[in-house]
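Residue numbers (our numbering), protein chains in the order written: chain L, 1 to 449; chain R, 1 to 472.
A couple of the hints might just be wrong.
Think about it this way: if two alpha-carbon atoms lie no more than 35 angstroms apart in a straight line, the pair counts; the simulated DSBU-like pairs of lysine-lysine are [stated by the list, open to error]:
| hint | chain 1 | residue 1 | chain 2 | residue 2 |
| --- | --- | --- | --- | --- |
| 1 | R | K273 | L | K143 |
| 2 | R | K224 | L | K261 |
| 3 | R | K224 | L | K264 |
| 4 | L | K264 | L | K307 |
| 5 | L | K264 | R | K92 |
| 6 | R | K204 | L | K61 |
| 7 | R | K204 | L | K225 |
| 8 | R | K317 | L | K143 |
| 9 | R | K317 | R | K224 |
| 10 | R | K92 | L | K143 |
| 11 | R | K346 | L | K15 |
| 12 | L | K261 | R | K110 |
| 13 | R | K232 | L | K217 |
| 14 | R | K224 | R | K381 |
| 15 | L | K225 | L | K61 |
| 16 | L | K225 | L | K340 |
| 17 | L | K225 | R | K92 |
| 18 | L | K303 | L | K322 |
| 19 | L | K261 | R | K210 |
| 20 | R | K110 | R | K317 |
| 21 | R | K224 | L | K225 |
| 22 | L | K217 | R | K273 |
| 23 | R | K346 | L | K61 |
| 24 | L | K387 | L | K61 |
| 25 | L | K261 | R | K317 |
| 26 | L | K322 | L | K264 |
| 27 | R | K210 | L | K225 |
| 28 | R | K317 | L | K225 |
| 29 | L | K387 | R | K232 |
Since the hints were made in silico from the structure, they are not lab data. Computed from a predicted structure; not experimentally measured.
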Amino acid sequence: MFHEESIGLAERALKLAEARGADEVAVHVQSVTARQVRFSNNRVDVVKSWIQIELEMQIVKDRRIMIVSTTNITEEGLARFVESAMERISRVPPREVYAPLPEGPFDYPVIPGLYDPRVDEAQEALVDAAARGIEAALSEGAKRVAGTVRSYAGHECLLTTGSATVCERFSRVNMEVRALADGLSTGHGATCSRSLDGIDPERAGREAGADAAASTKVVDAEPGKYDALFGWSAMATLLGMFGYMASGLRVLMQMSPYVEKIGKQIGSELITLVDDPLAEGGYSSRSFDLEGYPTRRNVIIEKGVLKTFLHNRITAAHFRTKSTANAGWVYPEPWYVRMKPGDYDEDEIVAELRDGIVVKNVTYLRFQNYRTGDFSAVIRDGVFRVKGGEVIGAIRGLRLSDNVLHLLRDTFATSKTTRPVTHWWAEWGPPVETPLLAVRQVGFTAATV
Amino acid sequence: MEFDELISLVDRASELARRFDAEYFEVRAQADLTDGLFMRNGVIEAFFLDSSSGLSVRMIVNGGLGFASTNRPEELASMVEEAYRSALAASKARKRVRLSAEEFRVDEFKSPFVTDPFEVPLEDKVEFLRAVDAAGSERGATARVLLLLSSRQFTHFINSEGAKITGDVRRVTLRTTLTLVSGARSTQEFEQPGGSGGWEIVEKWRMEEKVAELTENMKERLEKGSPAPRGKMDVVLGPKVTGLVAHESTGHPYEADRILGREAAQAGESFVKPEMLGQRIGSEVVTVIDDPTIPGSYGFYMYDAEGVRARPRVLMKAGIINEFLHNRETAAEFGVRSNAAARASKFNREPIVRMANTYIAPGDMSVEELIEGISEGVYIKRFMEWNIDDRRYNQRYVGSEAYAIRGGRLAEPVLNPILEVTTRSFYSSIDGVGKDLEFEAAFCGKGDPGQSVPVWTGGPSLRLRGVGLGGV
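Here chain R stands alone, though its shape is the one from the complex (with noise of 0.2 angstroms):
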C-alpha cells in the first residue's frame, strides 16, 4: 500500500475503533520495504525485494489488552472488531493493563541521506560486493558470503490520546561471513556494518581493506595459532566483543517486560529485580547507554511505537544500574515515565520493549595503554560463538581472532579462548575502558511471534582483571 493510503487507512480504523467502548486504543500502519542482494563467492544467488505494509490496531478493554492487524483493506472493521474481542477475551483473564501518562504531539521524523539506497544503480551495488568478494577470495578465504540489505520503514500512529507520529527510516547494512579451509583445519569469520542513511555510509565501511585483513588474519591463525590458555588473567577485549556484550548482558536483562516476567516463555526473564535500581553491578569506570536518537545510528528512531518521544537511556551510571527500559505497559507497573522503548519490526507485530543502539561508554585509553598493563593474558579482538542464559547471568564469548599477551605485549594468536563469565563478574573486573568506541549492526530477536529490529551493539575496548578462561 502506498503511504497515502495506509494514512486514510489509519484514519479510518481510528474512526472505527472510537465506536467502541475501549478504554485505550492505537491504530499504527506500518510499510518495510527491503531489497537484498545474497552472493556466495562472487555469485549472487538470489536477489529479494520485499513489501510488507498493513495496519493493527491495540486496544484496552476491561483492563484487558487485545491486538489485531491486518494486509486487506477490506477487512479494516473485522480487525477493529478482532481487536476488541481479543481485549475482552483477555479482560476475563488477567489484572489490568495500565499505561503510563505520557505527552503526546503531531511529529514527524525521518533519517537524512544523501543517495536513496533505492536509487543506487543495481549494478553498483553488485560491483561493491563484488570487490568486496574478491579481496577475500584474492588472499584465499574458501567461502565468502555476503548479504546486501536496503531497507525503508515507514510509520504512521494515532492513539486516542492525541499522538499522530509519521517516521520515515531508510537502513543498510552488509552481513559478511567468511570460511577459511587449510587441510582438516578450518575457521570462520563475521563482521556486519550497518547504519541508517543513505547509500554514502557504505563507503565509510571500508569493506574491501576489511574483508582483506580478516581474511589475512584467519590464514594467520590457522598457520601459527597456538591453543589458548586457560585459568586466572587479565583479558583485553576488542570493541566488537564488548558491544555484544552491552547488548546482552546489560541491554537485555534491563528490559523491564522481562523483569515482570511477560518474555518468561520465549526470551527468558532478568537477574536484575526492581529493587535492584540504585544498587553497584560493575566498576565505577563502566557506563553503559541505550540511546535510539543516535544520528545515522542502524537502530535510529524519534518516536518509539506508542508515539512517546525518544531519548538517551542510562542503563548503568558509573557501575551503578541506573534506568531500565520502558514502554508505556511496563512504566506503568514501575510507576515512572516511558523512556520510549517500544518497537514493533513488522505492522503485524505488537510493540514491545526493546534496545535500539547499546554501547558502552568510551574512556581515554588506548589499546597499548590497556594492553601495556598486563604482564600475562589473552586479548580477544573478535568473536564467533557467544551465548547467555535466560536471566542474563551466565555468559559465554569464544574467541575468534585474539593473541596472547606477554610483558605487556601482542604475541602469538591464540584459538578459540572460551570467556565464560556472569555479568556481575564481568563489569565487577573492568578497570580499563579504550576510547577506541565502535558500533556494528545486528538483528536483536525478542517477542512472539518472532521479532527481529535492527540495532547496534558498541563498545570500546576494555580490559578485565583476573577473570576465568576456560573449555572443556
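Isolated chain L (complex conformation) (with noise of 0.2 angstroms):
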C-alpha cells in the first residue's frame, strides 16, 4: 500500500504523545518527490528534486493547543521530539474557548482526478516543457524567457484520536512563463493541472509572449480611476486574497475587511465565491481538514452577500458556530476557491469597458489597513489602455490603488470561461478556478517624480 509506511509513522507519533499524557492527537504525514526546473534567458538555469517526509502533529492537553512538526522522522528522533513537545505543553496557559477535535469516524468524499501516477518521474517532461514554454513565448514575439515548472507526486495521511484515518494521493504540476520583449514590455502565462497531460506549455508561453511584444506599443495614461479587466494571473492574486480574508481567525484579530459584515451585501450579484474542495480534478481539492472532518463546499459570497467565515473548530466555538472543515494548523484556511463565471466573453468585456485599463497580472499586494481592505499593488505583465471598447496601447508606470470592499461591490461583468490558476505571486491565498473579473473606476497612482 502506498500509505502504510506513512499510516505505521503518524501510529507511532500518535501513541508516543498519549503515552506522554495528550488528551488529543491529530498527526499529518505528507511525502512527496517533488522537481522543478528553473529557466531564465531561454535556457535552462538548474533542475532540482526533493525525496521528503514531513510529520505534523496537533497535540492537546488540558485545553492547551501545540502544533509541533519536524522532518526527523527516525525512531529516536521523533521519541526525543515528541517528549521535548509535551514537555512544554503544560507550561503554557489553557485556552478559555476551546472545543475538542471531531469524534469520527468519518466518511470521506473520493475525489476524482487528484492523482496522475506519471508525475512521479517527470524530470524529463518537465525539462521538455519548459523548452516548449520557451519557444512558443519567443514564436510571439519575446526576446526573453523566464520561468518555473513544478511537480509534486505523493500522498498525505491524516490520523487523530478522534477516530479519523484517512490517507490521499495528490500530484500537481504547474507552469509560469515570464515572457521580455525588452526591459520593460513583459507578458505572464501559467497553467497548472493534476496531471502532466493537463498543462499546456505553449498557450502559456504563447499568452506570455504575445503580451509581451504587445507592451512594447506604449501610450500615455494619467493615474486616475478607470474601469479596469483583471486577466487570469491578475485574478489568482485577487481571488485568492478575496478567499483568504474569510478565514476565521483573520476575522478575530481585525485583519480582514470582512469583520462584521456576515449577512451583509459586500459584492455585487455577480460576486459568487465557493471554497470547493470537492471539485473533480480541481488543482488544490482535498477530502480532508487537518482536524479530521471531511472537507466539504462552502458558499462564502452568494450574489454579493458575505454567507460565511471559514473556520476550523476553535474560530467556530468563538463565533457559536459549526466548523466548515477549512482547519489548516492555526488558521482556518480555504482550499480551493472558485468564482462563480458569468456571460461575457473577454472581448465584450472591453468592449463594455469603453475608457479603461486590462491589468493581466497583479503581485507585490499590500495592505495599509487589513480591516477596512486599503490596498495597492504592482500590475504588470501587460497593461493596457483601452478607448472606445478598443486596446489601443500598452501604459507603464502606474499602481492599483484601491479597496477590497470597492473591486467586490463594482464588479460589472465576469467572464463565461473560469481557468484554474496559481503562480509564484499568488501569495495571498490557494490557487482559484476564476473567470475575469471587470470592475467600475478603480484607483490607479503613479510615482509623482
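Assembling the complex is the task here: the two chains are given apart, and the hints tell you how they should meet.
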C-alpha cells in the first residue's frame, strides 16, 4: 500500500504523544517527491529534486494547543521530539474558548482526478515543457523568457484521536512563463493541472509572449480612476485574497475587511465565491481538513452577500457555530476558491470598458489597513489602455490603489470561461478557479517624481 | 537529526558525490529549530515547535547545475544520484555554469549569547507577551497580535574545493500588529524588533513602552488626524521607513542574479545594469551598506551557504553604485570574487543571492535639525503599506504615524500620506541624513520555491527635498 509507512509513522507519533499525557492528537504525514526546472534568458538555470517526508501534529493537553512539525522521523528522533513537545505543553496557559477534535469515524469523499502516477517520474517531461514554453513565447515576439515548471507527487495521511484515519494521493504540475520583449515590456502565462498532460506549456508561453510583444507599443495614461478588467494571472492574486480574508481567525484578529459583514451585501450580485475542495480534479481539492473533518463545499459570498467565514473547531467555538472543515494548523484557510462565471466573452468585456485599463497581472499586494481593505499592488505583464472599447496600447508606471470591498461591490462583468490559476505572486491564498473580472472606477496611482 | 548525525551524513554524502564525474559538488546539512508563541488579545492561540533538518547536494556536470535534497538518511544515495541526473538534464539546455575561484577554509562561527532562548522558561515568555499585550489593551488597542519566535540554525557545509564550515546561530524576534477601532474608523501598526544572540536582547527592545507609545499615537491620529497634503514638498522619513527603502530599492536591485535575469519570473529583475557600476544614483550624502557580520544582527552570518567568508558590502558609496551582491555563479559571470551573499533558508533550498543587514549609513544631524530646515512638508515616521515594482524602480510607502511640518516645526498628525517615487528620484533628493540609525528585523522573501530569510533593515532619518506626495 502506498501509505503503509506514513500511517505507521502517524500511529507511532500519536501513541508517543498519548503515552506522555496528551488528551487529543492529530497527526499529519506528507511524503512527496518534487521536481522543478527553472529557466531564464531562454535557458535552463537549474534542475532540482526533493525526496521528503514531513510529520506535523496538533497536540492538546488540558485545553492547551501545541503545533509541532519535524522532518526527523527516525524512531529515536521522533521520540525525542514528542517528549520535548510534551515537556513544554503544560507550561503555556490553557485556552478559555475551546472545542475538542471532532469524533469520527468519518466517511471521506472520494474526489476523482487528484493523482496522475506519471508525475512521479516527470523530470524529462518538465525539461521538455520548459523548452516548449520558451519556444512558444519567442514565437510571439518575446526576446527573453524565464519561468518555472514544478511537479509534486506523493500522499498525505491524517490520523487523530477522534478516530479520523484518512490518506490521499496527490499530484500537481504547474508552470509559469514570463516573457520580456524588452526590460519594460513583459507578459505572463500560467498553467496548472493534477496531471502531466493537463498543463499547456505552449499556451502559457504564447500568452506571455504575445502580451510582452504588445506591451512595446506604449501610450500615455494619467493616474486616476478607470474601469478595469483583471486577467487570469491578476485574478489568481485577487481571488485568492478574497477567499483568504474569510478565515475566521483573520476576522478575530481584525485583519480582514469582512469583520462584522456577515449577512451583508458586500459585493455585486455577480460575485459568488465558493471554497470548493470537492471539485473533481481541482488543483487543490482535498478530502479532509487537518482536524479530521471531511471537507465540504462552502459558499463564502453568494450574489454579493457574505454568507460565512471559514472555520476550524476553535474559531467556530468563538463564533458559536460549526466548523466549516477548513482547519489548517492555526488559521482556518480556504482550500480551492472558485468564482462563479458570468456571461461575457473577453472581447465583450473590453468593449464594455469603454475608457479603461486591462490589467493582466497583479503582484506585491500590500495593505494599508486590513480591516478597511485599503491596499495597493504592482501591476505588470500587460497593462493596456482601452478607449472606445478597444485596446489602443500599453501603459507603464501605474499602480493599483484601491479597496477590497470596492472591487467586490463595483464588479460589473465576469467572463463565461474560467481557468485554474496559480503562480509565484499569488501569495495571499490558495490556487483558484477564476473567470476574468471587470470593475468600475478602479484607482490607479503613479510615482510623482 | 542531531548535529553529529548530520555531520556524519554530510561526510557520507560527499563520499558518494565523489564517485560521480562532476566538475563541482557541495553538500550542506542544515537544522532549523523554531519555537513560537502566538498570542491574540492576551490568549495563547497556538504554540509551535518546528524542527527541520536534512541535507542537500549541488552538483555541476557538463556545465549543468543540479540540486537535490532529502531528510531521509536512507535516501542519501538516491539524493546524490538525483543531483547528478538533474545536473545532467540541466546541462542539455543551457550554457555552462561557472563558479568564481575562492579561497576556502575549515572554520566555524556562532552567535554569542548569554541566555539560550530555548532555555528560557515558557512561563517567562508568556509573561513577557502578556505585559506587551497589556500595554496595548490598557490604552485601548482593539486587537493585539503577537508572534514571538526563537530559532536556532545549525549548518555544516563541505565542498569539493576544500571548504568545511560549521555555523550555529540563535535568533529571537517579536512581530507585533496592533489595530485600533474608533467608530467607523480604524488604524493599524506593526513593529518587529529582532536579533541574533540570546534572550538578553529582548530586554533591550523596551516593547511595553513601544506598544504603549504606538497605541497612544494611533488614538491621537484617529481623533486629530487630518488628510495628508498632496503635491511637491519636502519630506522627512523616520528610520523604520528608510530601512525598508534601503532593503527594497538598493539591496534588491543590486542582487546580481536579478541583474542577470535569473529571478525574472518570480521576484523580478533590476533597473540596475552591469555597466551602471560607478555611476551616480543618489546624492553625495547617501551610503548604503549590506553587512552580514554585524554582531547581534538578525541577518548575521560569518560564512555564506557556499562557504565564502562574509564581509561588509558597500552597495552605494556617497551616491555612487559601488558593488553588487554576488554568489559564486554571478561573481563568475561578472568576473569578480563572490562577496558571500549566498543564503539558503532551509536544508532543502538552493543557495541564492540574498541580503543580510542592509542599511543607510548614519549622518550627523538630529531629527529636529532635519525638520528645522523645512517650511512646509510632512514627517513620515512609520508606515504600514508599501510595494515596489519588479525592477525596483517605482515604489510606494504609505505613512501610518505622520505629521505635518510647518515653519520648521511638527504640527498636527496627518492620515496616510503617500510617497510614490522612483528610486533615482528618492536617492537624489536626499540632502540631510540623521544620526539616529535604527534596525528592524524582517523576513525577506525570494526564490522558487520561496525562501524566507532573516534580515535587518536599517536607516537613519532622512530629509528629501521636493518630492511629490500623491494618491487618488
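Cross-check of the supplied hints:
no.	hint	verdict
1	R/K273 to L/K143	holds (17 angstroms)
2	R/K224 to L/K261	holds (27 angstroms)
3	R/K224 to L/K264	holds (31 angstroms)
4	L/K264 to L/K307	holds (8 angstroms)
5	L/K264 to R/K92	violated (57 angstroms)
6	R/K204 to L/K61	holds (34 angstroms)
7	R/K204 to L/K225	violated (47 angstroms)
8	R/K317 to L/K143	holds (34 angstroms)
9	R/K317 to R/K224	violated (41 angstroms)
10	R/K92 to L/K143	holds (21 angstroms)
11	R/K346 to L/K15	holds (29 angstroms)
12	L/K261 to R/K110	violated (51 angstroms)
13	R/K232 to L/K217	holds (30 angstroms)
14	R/K224 to R/K381	holds (17 angstroms)
15	L/K225 to L/K61	violated (54 angstroms)
16	L/K225 to L/K340	holds (26 angstroms)
17	L/K225 to R/K92	violated (49 angstroms)
18	L/K303 to L/K322	holds (23 angstroms)
19	L/K261 to R/K210	holds (32 angstroms)
20	R/K110 to R/K317	holds (30 angstroms)
21	R/K224 to L/K225	holds (29 angstroms)
22	L/K217 to R/K273	holds (23 angstroms)
23	R/K346 to L/K61	holds (30 angstroms)
24	L/K387 to L/K61	violated (63 angstroms)
25	L/K261 to R/K317	violated (52 angstroms)
26	L/K322 to L/K264	holds (20 angstroms)
27	R/K210 to L/K225	violated (39 angstroms)
28	R/K317 to L/K225	violated (40 angstroms)
29	L/K387 to R/K232	holds (31 angstroms)
In terms of the numbered hints stated before, the structure departs from hints 5, 7, 9, 12, 15, 17, 24, 25, 27 and 28, listed from lowest to highest.
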